[in-house]
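Asker: Numbering (the numbering used here), first residue to last: 3 to 667.
Everything labelled a hint here was simulated from the structure, so no lab data went into it. The structure presented is a predicted model; accordingly, all values stated were derived computationally and were not measured. Hints are not guaranteed to be accurate.
Claimed, not checked - In silico lysine-lysine, DSS-like type, Cα no more than 25 Å apart, as pairs:
| # | residue 1 | residue 2 |
| --- | --- | --- |
| 1 | 287 | 595 |
| 2 | 287 | 297 |
| 3 | 269 | 296 |
| 4 | 441 | 499 |
| 5 | 548 | 610 |
| 6 | 551 | 362 |
| 7 | 93 | 168 |
| 8 | 362 | 287 |
| 9 | 93 | 318 |
| 10 | 595 | 610 |
| 11 | 423 | 451 |
| 12 | 610 | 362 |
| 13 | 423 | 296 |
| 14 | 87 | 319 |
Said to hold, decoys possible - Label-pair ranges, simulated between beta-carbon atoms:
| # | residue 1 | residue 2 | range |
| --- | --- | --- | --- |
| 15 | 407 | 80 | 19 to 25 Å |
| 16 | 611 | 263 | 21 to 27 Å |
| 17 | 544 | 411 | 56 to 62 Å |
| 18 | 450 | 547 | 30 to 36 Å |
| 19 | 94 | 129 | 27 to 33 Å |
| 20 | 263 | 547 | 39 to 45 Å |
| 21 | 634 | 210 | 53 to 59 Å |
| 22 | 656 | 291 | 39 to 45 Å |
| 23 | 663 | 614 | 57 to 63 Å |
| 24 | 94 | 611 | 36 to 42 Å |
| 25 | 411 | 472 | 26 to 32 Å |
| 26 | 94 | 468 | 49 to 55 Å |
| 27 | 210 | 472 | 55 to 61 Å |
For every residue, glycine included, the Cβ atom is placed at its ideal position computed from N, Cα and C.
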Amino acid sequence: MFQKIRTYIPAYFLFLLSVYIVGLLMFTAPRYILFLRHLDEVQNVPTNILWGAMFMGFRFDSVISAYILALPLLFFIVASFLRWKSAFAEKIVLWLIIILYGIALFICAADIPYFEHFNYRITVSALQWIDTPGFVLSMIFNDASYYPYLGLFFISILLFSFSLKKIFFVVMQSKAQQNNSHHKISYSLLIVYAVLSLGTVFIGARGRIANKSPIRWGTAFFSNYPFPNQLGLNPVFTFLRSWLDERDPMNQQIHLIDENIALRNVKNYLQINSKTEFLSPIAKKIVADSLPNKKNVIIVLMESVSAEMMARFGNKKNLTQTLDSLAKISSLFTNFYSAGIQTCNGIYSTLFGYPALIRKHPMTAIESLQPFGGIAQTLNENDYTTMFFTTHDEQFDNMGGFLSYNGFAHITSQKDYPSNKVVGPLGVPDHVMFEQSLKYFAKVSSEGKPFFATMLTGSHHGPYVIPKNISFIPDASLNLEEQTLQYADWSIQNFLKSIQNEHWFNNTIFLFLGDHGTGAHYTSYMTLSFHHTPLIIYTPDNQIGKECKQLGGQIDVYATLMGLLNISYINNSFGIDLFSENRSMIYFSADDKLGCLNEKYFLIMHTKTDLEYLVKYRENEQTDLINDYPDVAESLRVYAQSMVQSSQWMIANKKVRHLTMSYDN
3 MFQKIRTYIP
13 AYFLFLLSVY
23 IVGLLMFTAP
33 RYILFLRHLD
43 EVQNVPTNIL
53 WGAMFMGFRF
63 DSVISAYILA
73 LPLLFFIVAS
83 FLRWKSAFAE
93 KIVLWLIIIL
103 YGIALFICAA
113 DIPYFEHFNY
123 RITVSALQWI
133 DTPGFVLSMI
143 FNDASYYPYL
153 GLFFISILLF
163 SFSLKKIFFV
173 VMQSKAQQNN
183 SHHKISYSLL
193 IVYAVLSLGT
203 VFIGARGRIA
213 NKSPIRWGTA
223 FFSNYPFPNQ
233 LGLNPVFTFL
243 RSWLDERDPM
253 NQQIHLIDEN
263 IALRNVKNYL
273 QINSKTEFLS
283 PIAKKIVADS
293 LPNKKNVIIV
303 LMESVSAEMM
313 ARFGNKKNLT
323 QTLDSLAKIS
333 SLFTNFYSAG
343 IQTCNGIYST
353 LFGYPALIRK
363 HPMTAIESLQ
373 PFGGIAQTLN
383 ENDYTTMFFT
393 THDEQFDNMG
403 GFLSYNGFAH
413 ITSQKDYPSN
423 KVVGPLGVPD
433 HVMFEQSLKY
443 FAKVSSEGKP
453 FFATMLTGSH
463 HGPYVIPKNI
473 SFIPDASLNL
483 EEQTLQYADW
493 SIQNFLKSIQ
503 NEHWFNNTIF
513 LFLGDHGTGA
523 HYTSYMTLSF
533 HHTPLIIYTP
543 DNQIGKECKQ
553 LGGQIDVYAT
563 LMGLLNISYI
573 NNSFGIDLFS
583 ENRSMIYFSA
593 DDKLGCLNEK
603 YFLIMHTKTD
613 LEYLVKYREN
623 EQTDLINDYP
633 DVAESLRVYA
643 QSMVQSSQWM
653 IANKKVRHLT
663 MSYDN
């Protein structure tokens, strides 16, 4: 009976239907793996919500399958109507399907570690380092934690291609029977199947029947539970959608709020009443009440260090003994936040006082090809020697070019260290970078000049490597990532011990902060621990422990440091001096999300979907309160949008340059 029915069904229809089913199974496997890896996040989630997430996943998977199968479908329909027979062409179509699904399955496999790190599905931001493929591949293949996902990809593509070849062979036999039969499928029946299959693919590609708009990211956010909402997305969809959005001219500039309103709000927030307004609307002349103290400055931007990793913030694993000891004799800012979730954001915002750019790389975006003001430019004006140290290649993230263009006289990177000290794609271990810096500090201090150095650590970043033949002994009870954090902390201790007898040591201000945090824990709809980092300001000649509870961020480091140095300057940034001014709110971004918080509430805004959530972040609650406190949400929304929109305006209109105190308006 089935054999007889099969003779009246076009072979292509059977083949593509089978491919669709197998493809859904392939897409479901990594989603289920992601689900299993986050069982602790779904323990209190109702079963119907989890089933809803899986059904949502089916919808998004169908969208990707529909786009992949659209071109093969058109080929088979045309070939069927023309009664065209070409085994070679059919095999080309088969391999086209295998290649397209192979790319999709690779993205699905890569999405799992990406989600583990960022707590959202993969986007085109994963390609921001595509201009250094050797560096990226080296990081991947030197980090054993990626091997299971590479294995998942290879197993998936082998199973998929094997299944398709088997299905193709069986279906082609059916086609041969149809061609040899006296009951060839009529044109009228072919038309029915063509309309049916094309309609199915069209609806599948849109993801929904409603005619207003096709399926969007926001469709997946159907519940009040963050992880199930993310689980329902297909990573190929999020990747391609972000890629298309990035190339959409409408997305080249963000439009969160009217620019004139934004600038007016920012001047009010920052209490600006400057005569340099026609040069820059946010410029603010700061006049010190005494002469500059000419202290040296060392900023240590620590790779992936969240406040939650320190014992001071409740961590019980003794991971940061040095930082915790420093916190007791320093100014410790406990409510301090990074501007973004990438190292490039940390460098940019800390050194120049500008917020992270939404959906853009701040040091490679075309708008960044202009001179910025910031710490280095201001200290150059005050006769400082400016230096930047990194453990790895300075071309990564365009660090060397951007920083050299914007005030840093000396860049020390992987090329400047002994080649036998390089241990992986992130270059040398932290302690080697610190040791290398000593000769530069000695040379500059012998010349009687103050110096400013920024040091970007790299060891607490995968692939994790504990250097050998040093006095550091890792805690065997910790995993490798935690051990590298202990090592990175030890490197700072070793560095401070090595310089404590230098004549310039007591005349130096040290700032320790994270370039960004990490996923220590997930806070509702945006990972707050990715932004909550410590800021420790240590002055050896004034070791007084002081806990500073005011809100602050990386954008405030520039202005705060100028205050510590008693330097008169024009502050053309979005930061404030945290020792003399107060913030009512602090804001930051993560890819397409914008966050803003005050002392109690945290507002999360999805700039692409217009979805918003308001939570009480100090209690780590996930209940959305946006309908309960609309006025609070509005004040946070306007504050963040005004700051970010004004930042974009400043860059687009080339108002970011260094302004000297000698300017006479």
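Asker: Each hint: holds or not?
Answerer: Here's how the hints hold up against the structure:
no., hint, verdict
1, 287 <-> 595, "violated, 33 Å"
2, 287 <-> 297, "holds, 22 Å"
3, 269 <-> 296, "violated, 30 Å"
4, 441 <-> 499, "holds, 15 Å"
5, 548 <-> 610, "violated, 41 Å"
6, 551 <-> 362, "violated, 31 Å"
7, 93 <-> 168, "holds, 13 Å"
8, 362 <-> 287, "violated, 30 Å"
9, 93 <-> 318, "violated, 59 Å"
10, 595 <-> 610, "holds, 8 Å"
11, 423 <-> 451, "violated, 30 Å"
12, 610 <-> 362, "holds, 14 Å"
13, 423 <-> 296, "violated, 34 Å"
14, 87 <-> 319, "violated, 68 Å"
15, 407 <-> 80: 19 to 25 Å, "violated, 55 Å"
16, 611 <-> 263: 21 to 27 Å, "holds, 23 Å"
17, 544 <-> 411: 56 to 62 Å, "violated, 28 Å"
18, 450 <-> 547: 30 to 36 Å, "holds, 32 Å"
19, 94 <-> 129: 27 to 33 Å, "holds, 28 Å"
20, 263 <-> 547: 39 to 45 Å, "holds, 43 Å"
21, 634 <-> 210: 53 to 59 Å, "violated, 33 Å"
22, 656 <-> 291: 39 to 45 Å, "violated, 33 Å"
23, 663 <-> 614: 57 to 63 Å, "violated, 42 Å"
24, 94 <-> 611: 36 to 42 Å, "holds, 39 Å"
25, 411 <-> 472: 26 to 32 Å, "holds, 31 Å"
26, 94 <-> 468: 49 to 55 Å, "holds, 50 Å"
27, 210 <-> 472: 55 to 61 Å, "holds, 58 Å"
Checked against the numbered hints listed earlier, the structure breaks hints 1, 3, 5, 6, 8, 9, 11, 13, 14, 15, 17, 21, 22 and 23; every other hint is satisfied.
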